[in-house]
Every structure is written in structure tokens, then in C-alpha cells.
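Colleague: Protein chains in written order, with the working numbering: chain A, 1 to 312; chain B, 313 to 624; chain C, 625 to 936; chain D, 937 to 1248.
Nothing false has been slipped in among the hints.
With a Cα cut of at most 20 Å, we get these calculated EDC-like pairs of lysine to aspartate or glutamate:
1. 1200/D - 303/A
2. 264/A - 1191/D
3. 576/B - 926/C
4. 337/B - 595/B
5. 576/B - 934/C
6. 264/A - 1232/D
To give an idea of the interface, some chain D residues facing chain A are shown, with a C-beta separation under 8 Å as derived from the structure:
7. 1128
8. 1199
9. 1205
10. 1234
11. 1245
Just so you know, these hints were derived from the structure itself, not from any lab. Even glycine gets a Cβ: it sits at the ideal position worked out from N, Cα and C.
Each chain is listed here by its residues.
4 protein chains.
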Amino acid sequence: MNGADVPSYSYLGPEGTFTEAALLKVPGAGHARRVPASTVGSALDAVRSGAVDAAMVPIENSVEGGVSATLDSIAVGDPLRIVREELVPITFVLAARAGTALADVRRIATHGHAWAQCRAWVDGHVRDAEYVPSSSTAAAARDLAAGEGGFDAAICSPLVAGRLGLAVLGEDIGDISDAVTRFILVGGPGALPPRTGADRTTLVIPLPVDHPGALMQILDQFAARGVNLSRIESRPTGQFLGDYFFSVDADGHVEDARVADALKGLHRISPGLRFLGSYARADRRSPAVERHTSDDAFTAADEWLGTILDGR
Amino acid sequence: MNGADVPSYSYLGPEGTFTEAALLKVPGAGHARRVPASTVGSALDAVRSGAVDAAMVPIENSVEGGVSATLDSIAVGDPLRIVREELVPITFVLAARAGTALADVRRIATHGHAWAQCRAWVDGHVRDAEYVPSSSTAAAARDLAAGEGGFDAAICSPLVAGRLGLAVLGEDIGDISDAVTRFILVGGPGALPPRTGADRTTLVIPLPVDHPGALMQILDQFAARGVNLSRIESRPTGQFLGDYFFSVDADGHVEDARVADALKGLHRISPGLRFLGSYARADRRSPAVERHTSDDAFTAADEWLGTILDGR
Amino acid sequence: MNGADVPSYSYLGPEGTFTEAALLKVPGAGHARRVPASTVGSALDAVRSGAVDAAMVPIENSVEGGVSATLDSIAVGDPLRIVREELVPITFVLAARAGTALADVRRIATHGHAWAQCRAWVDGHVRDAEYVPSSSTAAAARDLAAGEGGFDAAICSPLVAGRLGLAVLGEDIGDISDAVTRFILVGGPGALPPRTGADRTTLVIPLPVDHPGALMQILDQFAARGVNLSRIESRPTGQFLGDYFFSVDADGHVEDARVADALKGLHRISPGLRFLGSYARADRRSPAVERHTSDDAFTAADEWLGTILDGR
Amino acid sequence: MNGADVPSYSYLGPEGTFTEAALLKVPGAGHARRVPASTVGSALDAVRSGAVDAAMVPIENSVEGGVSATLDSIAVGDPLRIVREELVPITFVLAARAGTALADVRRIATHGHAWAQCRAWVDGHVRDAEYVPSSSTAAAARDLAAGEGGFDAAICSPLVAGRLGLAVLGEDIGDISDAVTRFILVGGPGALPPRTGADRTTLVIPLPVDHPGALMQILDQFAARGVNLSRIESRPTGQFLGDYFFSVDADGHVEDARVADALKGLHRISPGLRFLGSYARADRRSPAVERHTSDDAFTAADEWLGTILDGR
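Build out the structure end to end from the sequences listed, making use of the hints.
Modeller: Listed below in C-alpha cells is the structure:
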């Protein structure tokens, strides 16, 4: 608890982002110390330095895919552990200062991802809109409210538009109406969250060499134990073209025998493997487990081998 | 040739980007009509509409990975074909207007990717630098030269700094000194580039369902024919969390029997597969081909089966 | 038809064996010329030399497994083709000359396989029975009828016991009451039997080297095309310990696209592969075929690739 | 030691067979009690009943393949353990009573396997030889020496010909001059033979269902752990056509981590698996072991997982 009576959390700021909304879903976070960070990397570094107990950052967006900054920052450096996940629906509004009509809007500020997700609405409703890049949707809204930046409107969350008292010229303007982002709460190494039966395990796996056989060998560690993967993403290591690591989410908890066995198999072929945590799924969906990959099957096999080694 | 005497190319602009540098490596492009586009999508749409003959866009960066906008834009819409690739080393400079000393720099404009790649140098050389997002490195430089934007320096390519007459306060400031980006020249469907023996084939493959078995089945189409993959990237389809397609580069040309056979196998299990082209590798590196996956082995097997079907 | 008006068949004799019973199930065989052979090898050689049109030999017994002599003889030498199969239930009787009571039986002659299959009954009904090896069950019965060999009873088929007028001291004395043997009719190379939708294809596949990976690569040629194997047997090549070939029966006809594709894949990795025929299953059981391995899927994939190669 | 001062062994008799020659290679067996048995099954049953300490039986012949009687007898019934193997070169002679010239030989007695292995020599040297089946090569020789059976010569081992004082009309008459048979010494369950680094592990694995996928899943348990198979044979269960089990020899000892892990994986998917022993190879050949399947890799993976489960 970092020496204080209340827990402390960093998050990808500024205030009013979807990330803060995710953090507020954590029990007790409403009364906790909440520290906005300008980048995912600095939010995570605050955990590593001990400045905060944990950090809330986005990991996967249903439209844009994995959040590269998070995937990359968590994959290297001092070890961290994901302890919780939250799902937040993503909806955008076109916000403007009081008195601005939709017909007046020429220049629109927002983050590049939000701009990409609202192109159809903007093309249909704002003649020749000019895009002004901003470092976040909340920053665009804040600059707009402050009269800075020389633009007429911002694409942002309803939350931040409301907080800043901006007028809403268009509601739910994203191309995909049920977009959702998954956020993770990241702490330091320590006791694992308890197994719930509907868990997720996140791993970072260096891809040994660039041929399909090597990737198949890695995937086989999961497939052979009946462990499903709900997310698999490649990320460049930054060293040279074609040098990748894989970021994957596997169904199950490391205390499930089939997951533990898969992890040991992965460690043998790729010892640089990094375990990023086992934690409850936000959607509470349990995987189907076949008999031969159940804990019972693992226990029975261990006992059978024991009798052989004991000479019985 | 689009009705004109000279070929015409769109590219991800503005002028002075690394993309234009890639385009200029294409024989004859120096005398061609070159049309900068504001986004990858619009560069590609100019090909689809027939406004230009082909478009040069980035596809893969050794530091940032696949270029999402390209991967996504080429994966849907009217079919396109990659006909050529170019490799361009990526080096950044910190550019300022004449008279600005390094010690004066507080606010630095650039594209988000460039900012991410120069953080170590900036943290070490510019006290408390503030990041000003820009839509491209060239745009940042141009605004700086024009005295617009309220910032003191820009991170951009040496090419554009030189063209604009900006002073260089720091050379080769990227964290990784041998960063390189791969660019592709994209045309419409038509005759395939000739097989050279050192070719690449690019595909978009919908991932049927989210389990490792399905992905392994896809990878096995390559592995079973000894076809190496030099790049494999997942991209969300944008429909819902966990719904992905794969963008892959396979060694070889579709006129190689083993590649053709792999493509047919892929089509059977994933008929939504999209072929994006077979083209010569910029590095001219030929793959090792085992005897049992050679064209000779395919021909011999076809002939053998023919004798059986003929009742001989 | 070998120059004669009626077809001619060799079979594993002597007369009265189960093999002759199988041959008599072939339409028209009752009026054909039937030539008993003393060994499977000589029955097959009669086909190779042109002395007969085809040979009936056993290939698989539900109790004893593959018939080694057949598997080995058909795997080498001039090529042969299986054109038909028959299933014959195997039942044994204990036969003796008139006047012999069960209590008088001390020495029993039969073929080693029959002896093995009737041990339980013999142990229960004949005190201290002594085994007298014979080259076939029919030969044992014939010697018994002729008063030769110095034994009291023979284990043979009901058919031969009846023909020779022997008394039956025990009926259906096999340990397994529903034993069945599969027989094959083997001709020379020629036109394939027509595809019926419920076919079998028999192959001989040299195992390249003695590791599981090589065998898996072979099996994957079937598995990847959804081709089921109803029989898989290893046989030594006779060269050295651990040097084996595989004899397999695959569901389907070589004119099925998935089977043809699997055979081509096998030929590439193991060019010494031998095709022994596609023929209708005696039990008329059709395999389930998944969409992606149907003839339609193969045709669609071929057409799709054709459009790419044509530059469309 | 069965209550006696000297060990006792059963073996597939009669005296003078190659099996007795194999038994005599076991240290101390020359002074042990040696009990010939008429069948492999009865030799093994003598171990099960405690009548002897162990039994020597043939398991694999380089010409004829696996010895079915051994594979089948050891696969069912009370559990047994292979504790040792011996390799014996197989050479045959044509033996006759003194005074018989080669030109006089018409009828030759021997075991069916021996007859098959000497066909080329016999066809070349004895005009129109007639085959007289015998239950073993030694029995044929013994009957010949006793003047029984009405035949002129026997095909048998040089050992038994010498013991019986028979004349040798042809030496080394087998078609394959370097034929060898592998024999196994089988005891009851108990302490495992020590790991030597050049070991073999023998298993009986029921094949779950008759499709290549199931067999591949079984083979993958070995392949995924880098465990080579030096012998793999199918045997019918005797229940119905197409119902098989597999008899395999794997390189390595159950105390090797990779072998133990493979066995546990097999037990999970096929709990009816039977372990038949780990024992030193007669040829002392050690397998190549890749780093990721070494004991060290297993230990490192176990320790790594331990730190995760401990919350470190």
C-alpha cells in the first residue's frame, strides 16, 4: 500500500480518459489516490519505482487492436504482473464550445485513433473537416475548453465533455457502435490473484526464429494441452525487420495444471518467456476443458508415473 | 500508364518523407508524376480510382512493426497488388530554425512514432522537452520552417531538413541506429511481376476462430510445404475483441509450385483469403528449398498420379 | 481374360480354405477357372506371369492382424492392383473321422493361427491336447480324411469338413465368435475400379527414417486432407532391425480430390510410395467429408489460383 | 531368486533355439536353472506364477518383424517388465543325418519363418523341395536326429545341429546374411534397471480410434519431447477389424525427464497405456538430446514455474 492508508494508482491520463473510467470500476479506486501519467510507459514506471501500488492502462481495443505502447512497455524492464482487467465501452462525441454550430466546424482536434474511428460520421456531417492531431482525446477537449489550439471542435468521451461543460454536436459518432477497450491493472510481482475458474494468463514469448515451424512449436504448447488463446499479437522487438515477440492471452490460470504444463513446455523451448500474470476475466466466461487436460487427468498421470519410478 | 506518357505515383506525403525517398528509388520515378497523399488510405484509393498507376506506402518498420494503416487499408476494399518493395534506412535529426541553440529548445514537434524512437536522445540532451504531436515528421518540419505551431524544433528526416534549410542540432538521434523501413509499391490487379528466385508473397488471412488449433492449421499450410514466413502479424478486424486477421509475408513466388500449393490449401480452409502479390525481395535473398518441396518434386508427383489415374 | 472364355483366378489353397470361400463370393467365380496356390506369393506370381487374371488372398484378420505374407508379397516385385475386397466370417470346427469320440482325441492338427484362435476351447474340452502343425487348416483336414499324419482330429472350416465327410466334434470353437477376415482380389495394373463414394485406397509407404517426426509427416498428408485411415501396419523391410515400411488403407478413392492430393504429398516426401489400388468397400460405408476437403473446395481453390496466375 | 540359490529362467524352447543362445549371453545364466517352454505365452506365464525369475523371449526379427506372440502375450495379463535385451545373429544351416547327400534331399522340415527366410537357397540347391512344417527349428532337427517325421533334412541353427551331431549340407543359407533377432529378458514388476544413458523404453499404447489424428496425437507426445522411436508396430486387439494397439520402443529411460514427461502426456490421452520397462540397449547407442529436451531444461522450467506459483 506504499506506506499510505489509501491505495494509489497511476493511469494513462489526462483526467477524463477512458482509462480513468476503467480505473474507477476498481473497488475502492474512487477514494484512492489517482495519478494521471502522460504515457503508458511512465504509468508503469511509477509502479516499478514504488511511487504507486498499481497502474491502469489499455491493452486491447476492439477496433485498433493491441495497444502497442502497453504491449511493448510491459514486455521489457523490471517485471510486472497483471492483477485485474476491466472492459469499458468506447463511445465518442463531437464536442464544441457553447455557441458553435455544426455548420461552423472546420478544424477538429483529437487523438489519431479516435479520428480513425469516427471518419465515416465526420465525412458525412462536417464538410471538408481538417484534422488537428492531439496527444489524447481528453487533451483535445481540454485545449478546446481553454480556447487554445485554433480548432473548432474535439472528438472525445462523453465523460470529459460533460466535465468540461462542452456542448455535444454529435453523439456516439464512432463507426462501430459497440467498440470496447480492455484495460489491465498492473502491479509488481507478488502473490497471484486466486483462481476463479474463468481466468486469463498473459505471456510474452520471443519468437525463436522467423519460420512457421518455430511458431507452430510454440502454439503446440497450448494446443497440445487444450489451452485456448483469446489474443495473439506479434510485436517487433525493434532490433531488425522480422524480429518479433508474441504477446498472448491464454484461457486459464497458472494454477490450472494444463496451463502450468504449457508454461513449462514454453520455458524449455523459449527460456526468455515472460509471465505477466493470471487474473479473473472481466466477462467471467469459463473455458471448456476436455477430460484429458483436466487437473484430474494430470494428477492421475503423475501418480501413475510415480508407481513406475517407485518400482511398483 | 493512366493515359499519360509518364507514369504517375501517389505516396504517403507530404514531400520529404521517407516514403518519397522510397519512391525515388523506383527506376524512372524521378521523372514521373508524384502525388503526395495525406493518408495511406487515400494514397491507395488513388490507385483504385485509376487516378495514379501505383502508390508507395510503408508496410513494416523495424522498430514500430507493421504499419497498421497500410495493413488495414490494403486488406479490404477493391483488390490491389504489391508489385515491388524498397528498403530505406530511417535516420532522424533534430532540426531548428537558424539561430536556435540546443539549450533553447523546449517544445519539439514530430510524428508520434518518431517521438517514440528518439526518446533516449531527447531525454539525454533536451531538459524537460515537451512533445507537440504532428501528423508527420515532414509536416512538423514544414510548420517549423514556416514559423507556425509554437514549437522550437522538429524531429524529421535529414532529407526534409536539408530541403527546408533548417539547422541540424542533433544527427542520427534515433535510439536504434540501424532502423529500416520497408515500403511497397502497390498497383491494381494485373500481370504478376516475373519470378526471380528471391521473391516474397503477401497474403491476408482471416483467422477462422480464436483457438491455437485454427492458427496452427493455417501455419501448417506453409510449414508442410517448406514455405518460410518472414513476417506474420495479427490485426483486429474491428468487429469485436479477439477477432483478428493475419497479414503474412511468405518466401517465394506464387509461380513456385510449393507456394501455389500452400495457397490452394489456405483457400480451402479459409476461402476469404486475399492474395496481395508476389514480387522480388529488395535484399535479393533466396530461400533454401528442400528437395521434397522443389518444383521438380511437384512435377514428379503430378506425373506419377497421372499414370495411376490413366490406369497405367 | 487370359485368352480364355472364362476368367481365371488363383487363390491361397488348398481347396476348402476360407480364401476359396471368399473367391466364390465374386460374381461369376463359381464358373471360372480356380487355381489353388500353396503360398500367397505363388498366387500373386500367377497374376504377374499372366497365368491367371487375378488372385484372391487374405489381407487382414480381426484376430491375427495383417497377413504378413500378403503385405510383404504385394509390396515388392512387379506392380499389382487390388480391384475388390470380400469379408468372410471365420468359424472353426473340430473335425474327426467317423467313430472318433471327443474323449479319444489326443493329437490335433491345424495351421498355427487356427490353433492360437481355438486354445480356450481346446484347453477346456480336450485333455492334454498335443498340437501337430500343418501348412493350412484344409491340409490338416485332408490328411486326416486320408488317414495320414498320425493325429486324431483337425481344426478346420465347416466348409472343408463337410466336403470331406468328416464328423464335427465341436462347432464354432474359436475364442472370438465374430472373427472375420478380409480378402482382396488382386489383378495387374489397368483401369481403376469406378468410384462408388464408399471406397478404400491401399498404399505401401517406406518409412524414411526411424523417428516419430518422419511418421508424423507421413500421417499429416492424410490428416491435413481429412483422409481417415482404417488400417495402418508396420512391416520390416527385412534389411535391418528398425527398418520398416507402412501398409495403410485410406478411406476414399484416388479420384477423390482429397485422396489424390494426399497421394501427391506422399510422393513428394517418399517417392518410393507404391499405390496398390482404389476399390469399393465390402461394407459400403461412406466416409464423412468436411467442406474444406470436398471436391468442391479443391475445385474452387484451383480456380481461384488460376485467376491469380492469369493476372486477373 | 524364487527361494533357490541360483536364478531360474524360462525361455522359448526347445533347447538349442536361438532363444537359448540369447539367454546364455546373460551373465550367470550358464549356471542358472533354464526351463524351456513350448510357447512364448507359457514362458511368460512362468514368470507371472513365480515359477521362474525371468523369461527370455524374442521380440523383433530383422526379417520377419515383431514377434507377434511376444507382443501380444506381454500386452495383456498380469504386468511384466523388460529388464534386459540381447541381440543374436540368426544363421541357418541345412542339416541332415550322416550319409545323406544334398542330392538325396526331398522333404525339408523347419519352422515357417525359417522356411521363408531360406527360400532362395533352397530353390537354388534342392530340386522340388517339399516343405514339412515344424513347431520350431530345433524340433525339426531333433525329430530328424531321432529318425522321426519322414523327412530328409532340417533347417536349424548351427548350435543345435552341432549338439545333435547332424551333418551340415549347407551353411549360412538365409537369404539375408546379416539377419539378427532381438530378445528380451522379462521379469515381474520391481525396481527399474539403472539409467545408463543408452536405454530403451517399451510401451503398449491402445489406439483410441482409427483416424490419423489420434495416432498423430500419440506420436506427438514423443516428437514434442524429442523422444525418438526405434520401433513402432501395430497389432490387432483381436476384437474387430481395424481395432489396434501400438507396441513401441522409445529411446531413453523413464528416469530421463523427457521420457517421463512423454509418458505422462500419453497417460492423459490414453490411460490404458502399459509401461513394459526401461532397460539398457544392447548396442549401447546413446540418443542425441537437444538442449530444450534435456534434464537441465526440464529442471529449469520447473524452477521457473515454482517462482511464479510462489508469488516471487
